[in-house]
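**Student:** Listed below are the residues making up each chain.
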Amino acid sequence: MAEHLNWFTILLNHWFGGAANALLRLVHVAPVDPNYPIPNFVAATVAVTLLASIFFLWLRPRLSAGHPGATQQVMEMILTNPMGVGIRDLLDQNIQHGAREFLPLVGSISIFILFSNVISIVPAFNSPTGHPSVPFACAMLTFVYYNWTGLRHHGPVGYAKHFAGPVPWLSWLIFPVEIISHSARLLSLTVRLWANIFASELIYVIFLGLAMAPAQALSHSHPSFGFALDIFPLIIPVAFIGLHLFVGIVQTFVFTILPALYIGMATADEH
Amino acid sequence: MKKIAGFFALMMVAGMSAVPAFAQEAAAGKPPEHVATAIAIAAGFSMAIAAGLCGLGQGRVGAAACEGIARNPGAAGEIRTAMILGLVFIETLALFTLAIVFVKVAY
Chain G
1 MAEHLNWFTI LLNHWFGGAA NALLRLVHVA PVDPNYPIPN FVAATVAVTL LASIFFLWLR
61 PRLSAGHPGA TQQVMEMILT NPMGVGIRDL LDQNIQHGAR EFLPLVGSIS IFILFSNVIS
121 IVPAFNSPTG HPSVPFACAM LTFVYYNWTG LRHHGPVGYA KHFAGPVPWL SWLIFPVEII
181 SHSARLLSLT VRLWANIFAS ELIYVIFLGL AMAPAQALSH SHPSFGFALD IFPLIIPVAF
241 IGLHLFVGIV QTFVFTILPA LYIGMATADE H
Chain C
1 MKKIAGFFAL MMVAGMSAVP AFAQEAAAGK PPEHVATAIA IAAGFSMAIA AGLCGLGQGR
61 VGAAACEGIA RNPGAAGEIR TAMILGLVFI ETLALFTLAI VFVKVAY
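Protein chains in written order, with the numbering used here: chain G, 1 to 271; chain C, 1 to 107.
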């Protein structure tokens, strides 16, 4: 079942198809369709990166400490807001010391996921996080990073002692359980983000189809009545676009607080 | 120096977005008819059980959060954050089931 390609994907394939095919040949991977080697989610990721870069490059010269504009105040709420759910707030709450130095990576992943989830509202794009590779990349980056910060903070032996549990005579039991539960974190980060975004997009498509079915069925026998019923596919799926927006924002929040929690637990000092 | 390091970190994160290009779809053979029927029935039942139990669990989280806010309205923000976190963890378990359904059901 070939997936439907968005016009932006076709445009990117037209411009960069040759280069993408050469890159895939270099790593001995055969594309599904050699005419369109760049799939939808890669094109959408490129779009997200481009849009976010252009937006923040536009915003940077307009930042001012004394006279913040409207955009600056809205964007600052992503970092810190009165509800305490900003990226910097979550880092400060969950990491005992040195929280600010983790802000660049956790913030970048968080903003990338926010923009990726929300871009599906634009009709030309499907959320790149709806394809399992993209959440896996974010989760893998988080996994490697929090283990690396733990290793850097405690040293290899000290970090391994973290997995041993509270008492030494139970460590033979707790060590494999901890290893499995840490691996489960990678899986759960991936599946949580992917399944939420994929399912909310799928529900939108299903209800669009359901709403369109009466109009389509009547359009042959009673064209004017079918035309009147065409109003429903315009109204009903809007609720599901709103649901997708809400789910996207909640999943971004969760994908921020969980790496903050994992980094906090990895760098925690017992006393 | 810090600026250069920050720029390289940014480029690495941007470069990471190219890694998904290497993931291509895998073609799978279709299972025989009776196995496909069994998979479909099992998928329906398993998703229903997962969704039902998830609903029960999330109901308890929601009820505890409401009670906590009713007793202590000043802590509403933190209680709300804890509630969202609890809901998301429980929902993840139901979504594991949905993921298996998507992986296994071929049509």
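A portion of the hints provided could be inaccurate.
As the list claims (entries may be wrong) - Which bits of chain C does chain G cover? Going by a derived footprint, with three or more residues having C-beta under 8 Å, they are:
no.: 1; segment: 66-77
no.: 2; segment: 96-105
Said to hold, decoys possible - Result set (SDA-like, lysine to any residue): computed pairs, CA atoms no more than 20 Å apart in a straight line:
no.: 3; chain 1: G; residue 1: Lys161; chain 2: G; residue 2: Leu187
no.: 4; chain 1: C; residue 1: Lys104; chain 2: G; residue 2: Ile179
no.: 5; chain 1: C; residue 1: Lys104; chain 2: G; residue 2: Lys161
Stated by the list, open to error - A few chain G residues that don't get close to chain C, going by computed Cβ distances all over 10 Å:
no.: 6; residue: Ala70
no.: 7; residue: Asn147
no.: 8; residue: Leu151
no.: 9; residue: Trp194
Don't read these hints as lab results, they were simulated from the structure.
From the three backbone atoms N, C-alpha and C, an ideal C-beta is built for every residue, glycine too.
**Student:** All the hints need checking, so say for each whether the structure fits it.
**Tutor:** Checked hints:
1. For the segment 66-77 of chain C, the stated coverage by chain G is not satisfied: 1 residues place a CB nearer than 8 Å to a CB of that chain, which falls below the threshold of 3.
2. Coverage of the segment 96-105 of chain C by chain G holds. Counting CB-CB distances below 8 Å, 4 residues qualify, and the rule asks for three or more.
3. Of the pairs offered as hints, the one joining G:Lys161 and G:Leu187 is violated, with about 23 Å between alpha carbons and a cut-off of 20 Å exceeded.
4. Restraint check: the Cα-Cα separation between C:Lys104 and G:Ile179 comes to about 27 Å, which exceeds 20 Å; the hinted pair is violated.
5. Of the supplied pair hints, the one linking C:Lys104 and G:Lys161 is violated, its CA atoms being roughly 39 Å apart against a limit of 20 Å.
6. Against chain C, the non-interface label of G:Ala70 holds: every CB pair exceeds 10 Å, the least being about 24 Å.
7. Distance check for G:Asn147 against chain C: the nearest CB is about 17 Å away, which clears 10 Å, and the non-interface claim stands.
8. The non-interface label for G:Leu151 is consistent with chain C: the shortest C-beta to C-beta separation is roughly 18 Å, beyond 10 Å.
9. Some Cβ of chain C comes within 10 Å of the Cβ of G:Trp194; the nearest lies about 8 Å off, and the non-interface call is violated.
Consistency note: the structure conflicts with the earlier hints numbered 1, 3, 4, 5, 9.
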